[in-house]
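Trainee: Chains A and B, in that order, are what the protein sequence lines are. Quick note on numbering: numbering that gives the first Met the number 0 labels position 163 of the first sequence as 162, and the sequence is numbered without any gaps. Quick note on numbering: numbering that gives the first Met the number 0 labels position 30 of the second sequence as 29, and the sequence is numbered without any gaps.
Keep in mind that a hint or two might mislead.
Unchecked claim - With beta-carbon atoms standing in for the labels, derived distance ranges:
#1 B:P48 x A:L18: 39 to 45 Å
#2 B:L31 x A:R41: 56 to 62 Å
#3 B:K49 x A:P17: 48 to 54 Å
#4 A:E224 x B:S36: 20 to 26 Å
#5 A:E145 x B:K50: 47 to 53 Å
What the hints assert, rightly or not - Only pairs whose alpha carbons sit at most 20 Å apart, straight line, appear in this in silico SDA-like list of lysine to any residue:
#6 B:K16 x A:L61
#7 B:K50 x A:P139
#8 B:K16 x A:T133
#9 A:K67 x A:A111
#10 B:K16 x A:A111
#11 B:K16 x A:K67
What the hints assert, rightly or not - From the derived model, a few chain A residues whose C-beta atoms are all more than 10 Å from chain B:
#12 L2
#13 P33
#14 L104
#15 R118
#16 H123
#17 H127
#18 L129
#19 G132
#20 I142
#21 S148
#22 V180
#23 V188
#24 V190
No lab work stands behind these hints: they were computed from the structure. Every residue, glycine too, gets a C-beta built ideally from N, C-alpha and C.
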Amino acid sequence: MALSFFDQFMSPNFLGIPLIAMAIALPWTLYPTPSTRWLSNRLLTLQNWSINRFTQQLLLPLNQEGHKWAALLASLMIFLLSLNMLGLLPYTFTPTTQLSLNLGLAVPLWLATVIIGMRNRPTHALGHLLPEGTPSLLIPILIIIETISLLIRPIALGVRLTANLTAGHLLIQLIATASFVLLPLMPTVAVLTTALLFLLTLLEVAVAMIQAYVFVLLLSLYLQENV
Amino acid sequence: MGGHDAGSQHQFTGIAKYFNSYTITGRRNCVLATYASLVAIALFFKLKPKKQAAVTEK
């Protein structure tokens with residue numbers, strides 16, 4: 000069977016068992032569990048400090064009601080970050096390249112923010128669909144545009160993460176293949192391509208972290224508007 | 000970033016008191032009116048009786 004460049008994105012199955020479940024669940028085992036000791040070890044202290052610092056920074060613009068989302072947003076960040084980073088290792092499968100997973104995260108969480116806004120502060124939630132100071136003639140058009148932009152948000156959230164990770168993985172595979180193929184033909188060009196591959200890998204590490212952060216940040220912004 | 004408008008500095012009269020783009024209630028009413036208009040237009044076209052084609056005798 001000839002391999003194509005898109006085979007890396009196929010959800011792996013082994014004897015009928017979907018391995019994506021394992022790919023999603025296993026990163027949890029990499030993190031140290033909280034201990035009952037009064038003073039934790041260095042690794043656990045570092046983990047606790049970084050999660051607390053991140054959560055504190057993320058919740059700064061949110062009011063007291065929004066702080067109820069602290070555990071959800073922090074765990075979502077750790078989840079996406081670990082899935083993205085582990086996917087950069089060779090021969091690993093990245094679950095966040097699957098649109099189904101990303102939409103499965105984005106749509107319910109976005110819908111939750113909208114429902115919270117409509118339920119608790121319906122006037123503000125509806126009023127946000129018309130920017131302040133709009134000229135009278137533009138009011139209907141702008142309301143339609145704002146409604147469309149509201150409905151597009153979950154799709155944009157999911158597709159942004161999928162597209163960034165898929166494109167990155169594809170680029171890595173393409174440039175690695177080019178570097179490998181060029182090695183016997185034009186070694187100098189192959190070395191330059193390998194240097195480019197190294198820089199691209201660094202970029203993909205950054206993209207993996209940034210995209211996880213952007214997903215969580217945008218959700219917190221949508222929550223801020225509605226809570 | 001636009002903050003909450005208390006609306007006290009805007010003295011609207013007539014229909015502008017309820018439909019304006021400055022107070023939060025005015026904006027809400029504009030949004031609801033736009034949605035109601037769209038639903039009314041959709042219902043009009045959906046429930047409009049279709050004209051039967053005239054049967055011509057040959």
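Trainee: Taking the hints in turn, state whether each one holds.
Mentor: Cross-check of the supplied hints:
Between P48 of chain B and L18 of chain A the CB atoms are about 58 Å apart, so this pair departs from the stated range of 39 to 45 Å. About 57 Å separates the C-beta atoms of L31 of chain B and R41 of chain A, a value consistent with the hinted range of 56 to 62 Å. Checked against the hint of 48 to 54 Å, the pair K49 of chain B and P17 of chain A passes, with Cβ atoms roughly 50 Å apart. For E224 of chain A and S36 of chain B, the Cβ-Cβ distance of about 25 Å falls inside the hinted range of 20 to 26 Å, so the restraint holds.
The hint said 47 to 53 Å for the Cβ distance between E145 of chain A and K50 of chain B, and at roughly 37 Å that hint is violated. Pair hint K16 of chain B plus L61 of chain A does not hold up; C-alpha atoms about 32 Å apart against a cutoff of 20 Å. Our distance criterion of 20 Å between C-alpha atoms is broken by K50 of chain B and P139 of chain A, whose separation comes to about 31 Å. Among the hinted pairs, K16 of chain B with T133 of chain A is consistent with the structure: their alpha-carbon atoms are about 15 Å apart, no more than 20 Å.
Among the hinted pairs, K67 of chain A with A111 of chain A is consistent with the structure: their alpha-carbon atoms are about 13 Å apart, no more than 20 Å. Our distance criterion of 20 Å between C-alpha atoms is broken by K16 of chain B and A111 of chain A, whose separation comes to about 33 Å. Of the pairs offered as hints, the one joining K16 of chain B and K67 of chain A is violated, with about 37 Å between alpha carbons and a cut-off of 20 Å exceeded. A cut-off of 10 Å between C-beta atoms confirms that L2 of chain A is not in contact with chain B; the least separation is 50 Å.
For P33 of chain A, the requirement that its beta carbon stay farther than 10 Å from each beta carbon of chain B is met, with the minimum near 38 Å. The beta carbon of L104 of chain A sits about 27 Å from the closest Cβ of chain B, which is more than 10 Å, so the claim that it is off the interface holds. Consistency note on R118 of chain A: stated as away from chain B, and its beta-carbon is indeed over 10 Å from all of that chain's, at 15 Å minimum. Residue placement check: H123 of chain A does not keep its beta carbon more than 10 Å from all beta carbons of chain B (closest about 6 Å).
Residue-level check failed: H127 of chain A sits 8 Å from the nearest beta carbon of chain B, not beyond 10 Å. Distance check on L129 of chain A: its Cβ comes as close as 4 Å (rounded) to a Cβ of chain B, failing to clear the 10 Å threshold; non-interface status is violated. Consistency note on G132 of chain A: stated as away from chain B, yet its beta-carbon is not over 10 Å from all of that chain's, at 6 Å minimum. With a cut of 10 Å on Cβ distances, I142 of chain A falls inside the contact zone with chain B, its closest approach being about 4 Å.
Under the 10 Å C-beta cut-off, the non-interface status given to S148 of chain A relative to chain B holds; the minimum distance is some 14 Å. Even its closest Cβ contact with chain B, about 52 Å, leaves V180 of chain A beyond 10 Å, as expected for a residue assigned away from the interface. Interface exclusion of V188 of chain A from chain B stands, the closest Cβ pair being 51 Å apart, more than 10 Å. Every Cβ of chain B is farther than 10 Å from the Cβ of V190 of chain A; the closest lies at roughly 50 Å, confirming the non-interface assignment.
Figure legend: structure checked against the earlier numbered hints; hints not met, in rising order: 1, 5, 6, 7, 10, 11, 16, 17, 18, 19 and 20.
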